[in-house]
Amino acid sequence: MSKSARQLNTKEIERIEALASVGCSIADICLDLKTSTRSFYRACDTQPEVKFALIRGRAQCGISIKAELFRQMKSGSTAASIFLAKAILGWHDKPPNLILSDSSDEELTRRAQKIIANLHMEQDERDHLAQLIEQSETESTPDQAPCQIPQSNDTHLEQNQSNTADTPNPNDLK
713 MSKSARQLNT KEIERIEALA SVGCSIADIC LDLKTSTRSF YRACDTQPEV KFALIRGRAQ
773 CGISIKAELF RQMKSGSTAA SIFLAKAILG WHDKPPNLIL SDSSDEELTR RAQKIIANLH
833 MEQDERDHLA QLIEQSETES TPDQAPCQIP QSNDTHLEQN QSNTADTPNP NDLK
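Take any residue in the sequence shown, note its place counting from 1, add 712, and you have its number in the working numbering.
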C-alpha cells in the first residue's frame, strides 16, 4: 500500500528556496521542515514548484559565492584569483603527466607515444614526432631530460642572416 505524498505549502516551499540559497543540503532542509528525505524527494516528483525552489535556491547560492569571490579578486586577493581561474577557466597548476623523474626511459617513451597517438594530426606528422623522441633518447646526456627534443643546429641560418648587403661577412675580410 503506497503512502500519499505530503503536499508542501507555499511557506515551506519558500523556506526550501531560502535554505538552499545559503548552501543547506537536502538533509538540512528536511530537518528544518521536519520531514524525511524520502518525503522530500516524493514532493519534488509530485510538486514541480518544490524542485524549482531547490534549483533556484542553489543557483542563488552559487551566484552569491561567485560574486563574493569576484569582489575579493578585484580587491587584490591572489587566492580568490587562483580559485576562480581554476574553477571557472579550468586552469590547473599541475603539468601534464608526461615526464616523471623516477620514470624509466621506456616508460617515458611509451607515455609520449600514447600522447602522440591521441593528437589530431596526420600520420606522417605523428611519425616525425615519434622519430624526434627516439633521437632524443639516443642523444640525451646525463644533464638532459630523457624526452627533451634536441635543439636544431641553426648556425648556417645565422650565417645566412648575417650575409646582408649592409653587413660585410667576416669571412670575406680575411
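Treat the hints with care, since some could be wrong.
Each pair of labels, with its calculated beta carbon distance range [claimed, not checked]:
#1 730 x 782: 18 to 28 Å
#2 784 x 759: 32 to 42 Å
#3 778 x 740: 19 to 29 Å
#4 735 x 759: 21 to 31 Å
#5 718 x 780: 51 to 61 Å
#6 840 x 740: 57 to 67 Å
#7 767 x 818: 46 to 56 Å
#8 783 x 723: 26 to 36 Å
#9 763 x 734: 11 to 21 Å
#10 758 x 787: 45 to 55 Å
Each computed DSS-like pair below joins lysine-lysine, with the alpha-carbon atoms no more than 27 Å apart [claimed, not checked]:
#11 723 x 746
#12 746 x 763
#13 798 x 778
Since the hints were made in silico from the structure, they are not lab data. Everything numeric in this text was worked out from a predicted model, so none of it was measured. We put the beta carbon where it would ideally sit given N, CA and C, even for glycine.
Review point. Do the Cβ positions of residue 840 and residue 740 conform to the proposed distance bound of 57 to 67 Å?
Key: Given a distance of about 58 Å, which is inside 57 to 67 Å, the answer is holds.
- Task: Can you let me know if the beta-carbon spacing of residue 783 and residue 723 is within 26 to 36 Å?
- Result: 32 Å, holds
CB of residue 767 to CB of residue 818, is that within 46 to 56 Å?
With a Cβ separation near 51 Å, residue 767 and residue 818 satisfy 46 to 56 Å, so the hint holds.
_Supplied distance hint 19 to 29 Å, evaluated on CB atoms of residue 778 and residue 740_ = At 22 Å between Cβs, range holds.
Is residue 746 close enough to residue 763, meaning Cα to Cα at most 27 Å? Answer holds: residue 746 to residue 763 is near 17 Å, not above 27 Å.
That 11 to 21 Å hint for residue 763 and residue 734 (C-beta), does it hold up?
About 18 Å separates the Cβ atoms of residue 763 and residue 734, which means 11 to 21 Å holds.
Margin query: Just to be careful, I want the Cα atoms of residue 723 and residue 746 compared with a cutoff of 27 Å; is the pair within it?
Written below: 14 Å, holds
> residue 784 and residue 759, beta-carbon distance inside 32 to 42 Å?
Replying inline: 38 Å, holds
* Asked: Honestly, do residue 758 and residue 787 meet the 45 to 55 Å range at C-beta?
  -> With a Cβ separation near 46 Å, residue 758 and residue 787 satisfy 45 to 55 Å, so the hint holds.
Q) So the hint says 21 to 31 Å: do the beta-carbon atoms of residue 735 and residue 759 match that? A) 23 Å, holds
Checklist entry - Is the gap between the beta carbons of residue 718 and residue 780 within 51 to 61 Å? => result Because 36 Å falls outside the window, the suggested range is violated.
Would you check the hint for residue 798 and residue 778, treating anything up to 27 Å between C-alpha atoms as holding?
Since the Cα atoms of residue 798 and residue 778 sit roughly 13 Å apart, the hinted pair holds (cutoff 27 Å).
Against the hints set out earlier in the document, a violation occurs for number 5 only.
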